[in-house]
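Given these sequences and hints, build the entire structure.
So the chains spell out like this:
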Amino acid sequence: MIDFLKRFSRNRGGLIGLIILLTVVLLAIFAPLIYPDSPWKMVQRPFLPPFTMDGFPLGTDTLGRDVAAGLVHGARVSLIVGLVSTMVALLIGVPLGAFAGFYGGLVDDGAMRFTEFFQTIPNFALAIVLVAIMEPTLPTITLAIAIVSWPPVARLVRAEVLSLRKREFVDAARLTGLSNTRILFGHILPNAMSPIIVMASLMVATAILLESSLSFLGLGDPNIMSWGYMIGAARTVIRSAWWLSFIPGVAILLTVLALNLIGEGLNDALNPRLARKGR
Amino acid sequence: MKPVLSIRDLAISLPPGADRAYAVQNVTFDLNAAEILCVVGESGSGKSMTANALMGLLPDQVEVTCGEAEFEGRDIMALPDAERRKLRGDRIGMIFQEPMTALNPLMRIGDQIAEVFEAHNRHTPTERREKSLALIGEVGLPDPDKIIRAYPFQLSGGQRQRAMIAMALALDPAILIADEPTTALDVTTQAQILDLIKTIQQRHGMAVMFITHDFGVVAEIADRVIVMRYGEIVEQGSSNEVLEAPQHDYTKALLQAIPTDHVPTPEPVTAPPVLEVRNLRKTFVTSGGFFRPKRSVTAIDGVSFTIARGEVLGIVGESGSGKSTVGRAIVRLVEADSGEVILDGEDMNLLSADQLRSARRRVQMIFQDPYASLNPRKKILHALSEGPIVQGVPREKAHARARELLEIVELDAGAADRYPHEFSGGQRQRIGIARALAMDPDLIIADEAVSALDVSIQAQVLALLRDLQERLHLSLMFITHDMRVAAQLCDRVAVMQHGKLVEIGPVQDVFLSPQAEYTRNLLAAVPGTDWRKGAA
Amino acid sequence: MTIAVAILARAAKAAITLLLIVILNFFLIHAAPGDPAMVMAGEAGAADEQFLQQLREQFGLDQPLYVQFWHYVSGVLQLDLGYSYRQQMPVLDLILDRLPATLLLTLTAFGMSLLLGIIFGLAAAARQGKWSDTAITSMALLFYATPLFWVALMAVVLFSVYLGWFPAFGYGTVGAGLNGFDLLLDRLRHLFLPALTLGLFFMAVYLRMTRSSVLEVSQMDFVKTARSKGLAEGTIRRRHILRNALLPVVTLAGLQAGQLVGGAVLTETVFAWPGIGRLMFESLTARDYNTLLGVFLVSAAMVIVFNIITDIAYRLIDPRI
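Residue numbers (this note's numbering), protein chains in the order written: chain X, 1 to 279; chain L, 1001 to 1536; chain C, 2001 to 2321.
Calculated directly from the structure, the hints in this document are not laboratory data.
There's no promise every hint is true.
[Claimed, not checked] Facing chain X, a subset of chain C residues (Cβ under 8 Å, in silico):
1) A2015
2) L2020
3) Q2050
4) L2052
5) L2153
6) V2156
7) V2157
8) L2247
9) T2251
10) L2252
11) L2255
12) V2261
13) L2266
14) L2292
In this text, a Cβ means the ideal position worked out from N, Cα and C, and glycines have one as well.
Below, the structure is given as structure tokens:
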């Protein structure tokens, strides 16, 4: 563990990512304290440019709403949807991949055909259809993103389990009379954790991109301020007030970039041998 | 004799953070024309690094820091890269250890050979093709017209190594460097490749630098020998001198560590059998798909034998003989198609999954790969006590027993609280033995348990196994590809080929008067047989 | 297995997948809240009770589910994707009308991203550890993290609003009456920004894969063999490393096809590009579910065709399969 922290802290990109992400997380957590008013509330005249009036550092949008407040509140949706949908996707993908890899044969065939099928469907299009049909709310958006994100997890876990289950220490565990469940959860999956953790951090990033894309198209929860919605709402005034689209986009970019940097840092720290090879 | 290549005071540095500063130091030797020089050493001795330095193929961050190598009037270490490239494949050829990965999987064999001519701008494409065909014939590959169009995956390991030799020979180099070229091959294939290298060396009058860890191979082909340890030369001399009258202690230790054909006199087996295998069969079928045909391989083809209590039965055979599958079928890591595995009167194959879990204690295995046989995330104590605890032994007792076992296999009890990566290969193999003993089994199956180890470590682990077997009166089934190892440890030996048991009997009978032709071939193919017979 | 048999097997698999998607589509229609008739008519439409009743009878929505299911599936198999009451046109006609624009956009973006991704990936791998490698990989990381629709908007701001180099939207200049070379040039000028912004993300994906794959293959034994033959580094890179390193890139390109089609929805929306992605957005805002699901089905079919093509490409490179 200490080794791991040491290795991670040696990765400059990972540290930068961590700092950015922590900032976003803190803003999200303390959003109700920093901007107690609803981000939907009109507080000033519309189209106030950034850095022109005290108290409204980022100006106001087309309806006179505070952009900074929207940004801070929007961080909450992005992070929650990113985290929860990733966890749901892991809950689908990890067991499916683990059982497919561990039991092989028909279980594997069935599970992998199922996964391939979901991988064939264009995932953003499926997400659009699902959210459109289920009505856009925070839970349905999260679920839709989870449904389109699990197949790579299943494939990764299956590949890991397939290679681990042929290791001799698994045979040895079997010979001591351990049950399949204990072998899978006690011996195989712990050894597959590193790549799963790395993938999960990258999935949060992808989920945030998906969520913002959906809100951009107008498929966000109508009661919750989000970055994608802010860009979508400002799209019509792109010629006169480009910054209204620019600012939330930078927020998305930074958050997603931070998660990617952390993912790479984790990868280097968790798989030191691989990292050295790649360098 | 005039040397083709003389190396003076060679040193190769390792990148910072490696376990030592130099891969190779103070290395000085000559390679004479038309001789085979064997460079012998265990892993980490620097023998391969020396070869790669000569070729100019050292990995990144590994550099020649001093020394020279005079070849055809020039110091090749001082040549610019472009000049060294011209030497490679033209004046100096090289073959490698792993024929399975040394060829480009996407290119036809013929193209990979013809490429050597192209790299040095020799001949027209048509001539290149003809020369390639001739080379394929010369290295003894069947049906050159077919081979030239084949992809590597269509060839066996031995055939691929022949194709590699053809490439190295293409421009008739003055020196051939062979880096453990037979280590990955079966013993009969190894004998053929050694023959081929010798024939070609004589026909072309080449100098061969042959790197190996196996003194048997040395006895088979070497004119002169260099012994290396920790990056330095400890001894060099003619093959006879080094093998018959070694001067350095390390050479003596290495030679002593080699399992000999000196067959021990086993006690006649009188005890009742602990295991009886009857007519065991297993065929692996790869599932066909929509348009994919099913493929089947018969791994075990009606095998029957018994192991008496306190007996060591060796199962020998080449890869693909089904010897490992037999071991795995006995413990039901592989489910046999039919046949009986009777342990103390009970047929293991008839047990339900639940019954099997508690019966598994009775047969334990020691595995081949010391790096894969221990869970990297669990401490040694866990590895040694998890099994007994699952079987109902109280935790305290299991832990105490685990520490005791560590001492029995000659590790200190503190090892219990450490993780596998803190141990060397040989130590891990001891832990593997302790883990098997922890279950207090009726029978232990050792599947190539010493094959991955260096000779000197191998000797220690074998000694430990022999000692434990005698002291604890263990019943042991010892699966190995190495006839010499089998001769050392076993009371009886069974020889397998293509899933069948071709011969079984007391160790002297099988080794001294083999009945089956296959056994005779196998024994004849063991490198260095004549040398050891002379010594015995 | 010969290529012909392989393609046949692949086509059979594709047919099954497509059928499953059709079935999924049917259940999606029925999963929508409310009456499927209302879904079909579009909720906000002039859906008076009489019209809905008429729809129910016409499509047999008053019949048991399995009958409806059969009607739907057999309909789709006869290329009947339903009727868009919003646009007053059969859905299939709508889609076929828009498909060429999408194909033009996605194929251009795909080709561009693959080519640039491989070239930059090779360049980065060749300069591993140097500052140019760092610059290229940082650029890739940045594109990888940029929301597609946002980069499209910013491209509009920069290249059309401020610089005025490229048109901000559309498929061609309306009413200009261009022909010949001018028409082509006009089309290319309109295509440039959408294809570029759609391709950036995928370029980053292929770049990263190419780089890591080249570095991995460079460590392999057969590359050492090639060196021992005295081949020049350039030849080794071209003949031995590149081909082997491209295999995982081709696999990835196949897997990414679905994302490309999904990305087209966003790009076409921003640039008012008259393809099926834009159609999807329009049907979304109009709650025209028949069209929405029709586009979904066709985009899935596009991915399947694309996957077959990458499969064949893989087979052509790798003799082992």
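Item to complete: Just pull the numbers of the violated hints for me, sorted ascending.
Response: Numbers 1, 3, 4, 8, 9, 10 - these are the hints that the structure violates, sorted from lowest upward.
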